[in-house]
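S.K.: Here is how the chains run, residue by residue.
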Amino acid sequence: MTQTPLLEFRNVRKSYQSGGDPVDVLRDVSFVLAPGETLAMTGESGSGKSTLLHLAGCLDVADQGEILLSGQAYGPLDDTARARLRRTRIGLIFQQFNLIPSLSVRQNLAFQARLAENEDNEWTAKLAERLGLAAHLDRFPENLSGGQQQRVAIGRALALRPEVILADEPTGNLDEENAAIVLDLLLELVRDTRSGLLFVTHSTALASRLDRRLHLRRGSLLAEAA
Amino acid sequence: MNVKAFSFGLMLAADVATGQSFAGLGAEADGFAIPQPNPTFEFPEDHGAHNAYRIEWWYLTATLTGEDGQDYGVQWTLFRSAQRPEAAEGWQTAQIHMGHAGLTTADQHFSAERFARAGTGQAGVATAPFEAWIDDWIMQSTAPETEDALSALQLTARGADFSYDLDLQATGPLVFQGEDGYSVKSESGQASYYYSQPFYTVSGALSLPSGDVGVAGQAWLDREWSSQPLAENQIGWDWFSLSFEDGARMMGFGLRDSDGGHFTSATWIEADGTSTPYPNGALRLTPLSQADVAGRTVPVGWRVELPERGLDVETTALNPQSWMSTSFPYWEGPIRFDGSHQGRGYLEMTGY
Amino acid sequence: MTKTAFLTLLSYWRRSPGQFVTLVLGLMLATALWSGVQALNAQARQSYAQASEIMAQTILTRLVEPSGRDISIADFAALRRAGFLVSPVIDREEDGLRILGVDPLTAPPGAIPAGIVSGGSDFTLMTGEQPIVFLRAGTQPPDWADEAQVLTSDALPPDTILADIATIVRLTGINTLDYFLLHPEQPAGLPAIETATELLTQSPDEQTDLGDLTGSFHLNLTAFGLLSFGVGLFITYGAVGLAFENRRPVFRTLRAVGLPLRRLIALLALELGSLALVAGLLGVALGYVIAASLLPGVSATLRGLYGAPVPGELAFDPLWALAALAVSFLGAGLAGAQSLLRVAQMPLLAPAQPRAWAVIDARAQRRRLGLALAAIGFGALATWLGEGLIWGFAGLAGLLGGAALGLPSFLAAALNAVSGRAKVPFTEWMIADARQQVPGLSFALMALMLALSANIGVSTMVGSFRATFIEWIDQRLFAEIYVRADDQAEADRIEAIIAPQVDAVLRSAWVERAVLGQPAEFQGISDHPTQPVEWPLLSGEPEAWAHVGAGEALVISEQLAHRTGLGIGDTVPFAPNQALPVAGIYADYGNPKGQITLNYALLINAYPETPQSRLSLRVASEDVEATIQTLRDQGLRQDQIIDQTSLQAVSLRIFEQTFLVTGALNILTLSVAALALLTSFLTLGGMRLPQIAPVWALGQTRRRLALTELWRAVGLAVLTFIYALPVGLALAWILLAVINVEAFGWRLPMVLFPFDWARLLVLSLIAAALAALWPTLKLARIAPARLLQVFAYER
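Protein chains in written order, with numbering that gives the first Met the number 0: chain A, 0 to 225; chain B, 0 to 351; chain C, 0 to 794.
No lab work stands behind these hints: they were computed from the structure.
For every residue, glycine included, the Cβ atom is placed at its ideal position computed from N, Cα and C.
A hint or two may mislead.
[To be verified] Some, not all, of what chain B presents toward chain C, calculated at C-beta under 7 Å: (1) PHE114; (2) GLY120; (3) ARG157; (4) GLY158; (5) SER162.
Please take these sequences and the hints and turn them into a complete structure.
M.R.: Right, here's the structure in full:
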């Protein structure tokens, strides 16, 4: 099947200065994510998972190699183009939720879609319903539970209908029960929208729920687990 | 006669010196005239001011008895001090006047002081008719034109809390002190012109905080002018005027020098005005009792001896606190004396 | 342990230099501006005191010539020979120099400054051949003093030359006296002095007191000092609060390892004290610099405006420095008290999280709003019900304190209102974020608000005074040219010559007499049938001026009405057995004396000895110059001819000078507020990354986010300005209508200057933009890695 990969890493390398010597955080990382696919990225703390996600999200720039989203390379993009790309094509979900505290749930849900001028009220309302947020639309993030906040964050990412969803330990701050509910919702919605999902986690249990799993160790992609 | 007058002159000179103008005190150098022996006096002119001399005064003391039977003493003095031996009208004058008035009772002593420039009309001395004044303090002649101008006077002065108004009639002639009016003040020869009218009878009224009181008694006027300050080592002065019951008078003074020495001088005046001068040493002055006055120790009781006249008396002050709290403070007040003679008089002490 | 704990506490400042700078800056500026203004006032007051001490003006009664005739040496001798202790004085102004001739022989104690004579019979002033004059070091001796020896004395105010009266007469040729000083203890048994002389006694409180005259000016400065102190205090309060909140975890740890609470409080107090000391010392230095650099302007103003001599150089007074340090400690105490109290009440196991000091909950906000309303209510009540200057100032404090506390609520409400209209999500976020930011900026914004309202208030007061004064001068100067002849003969001669050339020649005359126990000037003005004299009255009967012209009534000044309680219709005795009803009351700004204006002929009849030497010429404006030339050709000196235009020009120039100082202080307080904003932005910059990073991650460039910061700052400044405007106007109203009346007895109408507001708005926008510029640039260039840290849970 010669389908253009949704997200592709080609020999990506990223290093940080640490006390003078550059330390490689990612070394020669290559992988692809197909449309509609859910991919788990596991690894120990410090293995480079977050860096990989930040590179994928166009938040950071690779030192070597190339990253492509639906065939478009990140490399040549300037700051403005990168911001536009993030705004219009990528959905980000963080461990800390990172909602805008000054905006209501409704505004937070629609925020990125509206920034991207791609708002679909019907879809947003539907999302809210499915995420169980319909009753909380006029509340502010500080008044929500952690699970509710993360559902808002998921909704915010999906409202945009992004090509790819990047999630960084989205259930890390939740208890087991809530984590399961949130993950179920996320997987269900990804499948429904035919987006791709790159899911960073240190939990193999969670990882096993996804289509595919990659493992990072000290910056190198070790093996593709089944 | 009065040391304070000398001080006044000295001080003005010193002020002027700090004000950087002329002047050492070398009297001759400043163009002031110097008293010479064997003077002749011309009246009424010599009752007036002698601007060619540095210092001068019209000095009157009176021993009085009130209707209330109490003793009183009165002082009236106009000083003149010249910055330069010249006079001018208006503010530019070089002649400065100082007035002192005193009134003594047994338990109170009042004093007042005034300053003025001659030439502004605020103070001055006129000779025809005679009038010496500063502000509303006046000593003016009431004598007929044929008589000596000083033979009858009206005298007024006023302070913050007292005033007086006295009529004076002389019962004897002017008396010339020292050698015919040339009075030597030290062994080094400082001298002044000096004459007196010691024979006044007085009547008038005093005004005191406690009320007015009519008075009568005797008074003594001194006229003196000079250009020379005291000798350098002379620090103070004790001066007596005594009136005896037989009508005679005596003037005596002692100049104290810093080594404890006393330069004394005296004039005995008969009731008819005949006077006899006595040189240094003839008069003996001995302090007998002290009093604390204005924070100083002042000898307010004296033994006064003039052996050549058989005089040996002890004096008592009417009010030991007769302190003139003027710019140059000194003691001046009426006294009584007892011993070989009795009578009343005036005592002035400076330099304490 | 104590030392370690103290060092631990201090280490915070090393990591937060911005807050350290803010704190020290706030305290320093509060100290500097307040004490700088105090130094200016003190220097001026000292000069006034010297000026009045010279002739013992505050103690001694004077004898003055009411109609301005010369006093002669004969008058002096007559009074002295009548027994009265009077001392002659020559006291006049020539080319900006006050010439004082005194008589040390008769001067009452204290009349001549100590240090020149020591009293008694110290006649140092009197001279032999070479005259002596005294003046203050720095005062230029006049040419006529060339042949004199010049001695300096610190006891003299600037621009004053003092000498023995004989010296003055000899050197200047002045040969008349200006007044007598009356010795406070007159001899016993004298009649009342009024029976003995035509001269008028003038008791010390009737004499012009420079302190009164210049009071308005100093009030202006003091108000500024007070407001600047408030501005600094808010900045300090904000910084201290932030530092304390951020260190909650440290406090908890210190206590957990065994530092007693009392010791902790003591250490924090010590820390605050040390900061106050550092800031205070810096403040003293800065205050001195500010005062010293403003003093020449102040002194020029006071000299020009009131003729009050103030030296242009500032003396350093150690007592002042101590007081300034005390102000710094007071400020630190006020700013830190609440925080110390919080630490004292903090339970040992309190959550260590720094509560966002900035973020206050709605309840706290409501409480603060309540407090604000209470303070404003108190201010209004104090202004309305209270009597006296102190209540005026209390009202001021209430208003400003309350207004400052209410600002955050206003900003929140305003942002809410605006956010409802925002359609673009980014704008929506921007406004919402601004609302979020307000509490953190609130103290800096309060400081800005106070600075702006002080600016508006004081400028309005000064501007109103200026506008009123100039309009009033315009109205009062009814003639085009005024001539002051030396005597009546000259006046008659001039009138005969000039009459054919001009439209009208009016006579006026001047007499000073007491009215109902108040010193007053009588002004006689003559009317011309074709051109009746008329200037606006504050209140009066219709036809009031016609009645005055007909000699049937008179008009009086506001001051006289205020002091005597006289009103329209009351009868005023203007001479023995002569009285007229009051037909009107007019404004007479800046005149310490009451004034009565009546028919010229009536006044001359009542006081025939009054010199009739003043002429007012009505001329067509194009003929003014030619007329002046004619007058000059007649031998009149320049100082005898005053034309309306140049008089107005002089008034204007004087007022512009007053503005110089006000303007400088305006800029200073505004800069302080801008600095506070800057440091607040810097502090918040770090704290706000978690709010900004997600928006960046969701697809905004750093540049756009940074620009947003800038716009937000400008927007907040605009809102703050909108809020400060009514506060400033209320401040101006209190100054004009309450404090002015209490202090000087006249009320000034309030004039609004919208153009000034616009300028101030622009200025505050620039200030806010400048304050936000650095943080903006920092954000625009921030490394993405710093933003990424926000998301990195591993670190």
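S.K.: Hints first: check each against the structure and report whether it holds.
M.R.: Against the structure, the hints come out as follows:
1. PHE114: Holds, about 4 Å.
2. GLY120: Hint on GLY120 (chain B): holds, closest Cβ of chain C at ~3 Å, below 7 Å.
3. ARG157: Nearest chain C Cβ about 4 Å off; hint holds.
4. GLY158: Hint holds; GLY158 (chain B) Cβ to chain C Cβ min 6 Å, cut 7 Å.
5. SER162: Status holds, d = 6 Å.
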